[in-house]
Amino acid sequence: MVFFPHRHLLGIKGLTEQDITFLLDRADEAVKISRQREKKTSTLRGLTQINLFFEASTRTQSSFELAGKRLGADVMNMSVGNSSVKKGETLIDTAMTLNAMRPDVLVIRHASAGAAALLSQKVACSVVNAGDGQHEHPTQALLDALTIRRAKGKLSRIIVAICGDVLHSRVARSNILLLNAMGARVRVVAPATLLPSGIAQMGVEVFHSMEEGLKDADVVMMLRLQRERMSGAFVPSVREYFHFYGLDAEKLKAAKEDALVMHPGPMNRGVEIASEVADGPQSVIESQVEMGVAVRMAVLETLLVSQNQGPRSEGVGA
Amino acid sequence: MIKPLVLKNARILDPSRTLDQIGTIMVGSDGKILAAGADALNQGTPEGAEVKDCSGLVATPGLVDARVFVGEPGAEHRETIESASRAAAAGGVTSFIMMPDTDPVLDDIALIEFVKKTARDKAVVNVYPAAALTRGLHGEEMTEIGMLKAAGAVAFTQGRHALADTQVLRRAMTYAREFGAVVSLEARDPYLAVNGVMNEGLFASWLGLSGAPREAELIPLERDLRIAALTGAHYHAAKISVPESAEAIRVARGRGAKATCGISINHLSLNENDIGEYRTFFKLSPPLRTEDDRQAMVDALADGTIDIIVSSHDPQDVDTKRLPFADAADGAIGLETMLSAALRLHHADRVPLMRLIHALSTRPAEIFGLDAGTLKPGAKADITLIDLDEPWLVSKDMILSRSKNTPFDEARFSGRAVATYVAGRLVHSL
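Going line by line, the protein sequences match chains A and B.
For the first sequence, the positions run 8 to 325 when the working numbering is used.
For the second sequence, the positions run 293 to 722 when the working numbering is used.
Rather than coming from a laboratory, the hints here were simulated on the basis of the structure.
Don't be surprised by glycine CBs; every beta carbon is placed ideally from N, CA and C.
Watch out, some of these pointers could steer you wrong.
Covered by chain B, according to a simulated footprint, are these stretches of chain A (three or more residues, beta-carbon under 8 Å) [stated by the list, open to error]: (1) 119 to 126; (2) 131 to 143.
A short list of chain A residues far from chain B (calculated; beta carbon distances all over 10 Å) [stated by the list, open to error]: (3) Leu73; (4) Glu212; (5) Ser238; (6) Asp265.
Okay, chain A solo, but in the shape it has when bound (with noise of 0.2 Å):
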């Protein structure tokens, strides 16, 4: 495996084993990078990485701006206050409008999903997906994948457990592809109004309890939900979400000893998990940051830097 044969990332759906194992590798070398004291290389030195963010978020953005900046290009944020415009057409029109500014990557993060594909054929750069709406998060998937190799040393047969509102979730969607592309064991864990429809189909196992769902788990993978769907639209109270699906350390008993405890962020401390287990010794929300960088840096450079040392296809990993 020399090269990696997509122009985009703008998902996990359509990578094979071999590209996420290349992908993974090179941010294992990254992570090098990150941990000298001297971080910043020249690899991309001369280019031009633009992300551009219609909904806020101020981890994955710095997140994608560190790595691109440790990899010596120049990195230009813009975030599209998408409150008073409507979306689409703003998504076009800065499409084009940056286009023109003949960026080398487009980082992009859209409530839409299908933005980022959308935007990969508009523009004549490589367009990375930093998350379209309910559809992919495939970075976030990526530093996942890694952190738990590092700690586990393998991702294949491992089981692991996604907890939460499943149905809202892009970083979910992707995990669960990327997590059987490399021969995991997915569960779900949540309640009936949290899951999509047919996810029986989308290669996990579906458990409504905690207990049953996190039974022999290496990894317990915890999901966000967003305020405004905790009371009564999709589960009844906080109270009640917590005490059936949030992660404490009762709970988490019934998982592997060793068994890792990750959280994509930014955790709701209380509703989702306990900070005695966010904050406990079988959390790996920390590394899972530093991962992110990695991550990001090794995906950026292997679009930019190796997509030209081979055939490729247009518009993969879509």
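Given chain A, work out where chain B should sit, using these hints.
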């Protein structure tokens, strides 16, 4: 007055008489059919007639499309009455019913008059306006149904909009019954279908799109059918998409409700997988369903449970379609491709040709009381000449509609209208 016309050696297919024979159609100088059938020549050729040899072609009553959205007045950049009529002629459609979802809404006799006048002056096919059932399509107050009908409205509808208030619906349908007006609605539960942008299921889940369950169609449809039975009004379900809806119509008819229904050609030709990677030209309302649903709907069309096929022609331009899927408008154009897409069902031996033409012409004319759908002597000479096997490829460049949002772009078809006559006048020929 026109030049008399003789169409010789055509395979005449007239569902109004269940006629399928090689023969001649003779059209008089008044634009009406003098005779159509194997023995038509016995009457002698009219003097000075133009004679056309139609060997190998099928002659049917001009197609009638009961659900067409036009941008005039208000959004002429998408479609005018004239441009829609040219698209219709190219697709073999000689009459269409225009939905009232315009700006302003067709809820007043002055606007019905405007449509009729514009159609008379500019359109090359027959254009019949449908009026809004409620003022402004707001679903609150009924329109002047009696006067609108007298002015020429052939149906009363909420167009793209749902009608939530059952009391308003009951009164409007009770009132409509007295005037013999057809009430045509699209069933869509605004709560179950909220944010629903495609068929609910695994495919939508992977795409991260909110789905509309089939119950969002079925529940309001069953409600409407109960009100139809209660009021005795003629209820027409404009566009159904799942077999449970066809079954509901069948059951309601058995109970004595005066209920008819239609389906869009898209739902007979395409399924949810055609959406692929967020292709917005396939974003429709109701959403495209599963392949099993499509197959079952073809069966329901063949057995007559589904009365008619519509194009549901809905021109949208780049502004409303080149958007992320969830933000894009619903709708697809279809006047120019409806016949060819329907002929696929004939070529696949799924629906007999006679039933197809019945559903595309004779039956909609009956339901909405139009002077169309037949080749009987004395009828207006609206005729479509079809080459059942003519191969063609749809390309954006040849679309006559002002909007290009066709889900059949690059589609390969066998069969199309090679000539279209309205009242004996040639309005389209290849």
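Each hint tested on the structure:
Closer than 8 Å: that is the beta-carbon criterion, and the stretch 119 to 126 of chain A has 6 residues meeting it against chain B, so the requirement of 3 holds. Chain B is given as covering the stretch 131 to 143 of chain A, and this holds because 5 residues of the stretch bring a CB closer than 8 Å to a CB of that chain, at least three being needed. The beta carbon of A/Leu73 is kept farther than 10 Å from every beta carbon of chain B, the shortest such distance being approximately 27 Å. The beta carbon of A/Glu212 sits about 16 Å from the closest Cβ of chain B, which is more than 10 Å, so the claim that it is off the interface holds.
Non-interface status of A/Ser238 relative to chain B is upheld: no Cβ of that chain comes within 10 Å, the nearest being about 18 Å off. Every Cβ of chain B is farther than 10 Å from the Cβ of A/Asp265; the closest lies at roughly 32 Å, confirming the non-interface assignment.
In summary, this structure violates none of the numbered hints.
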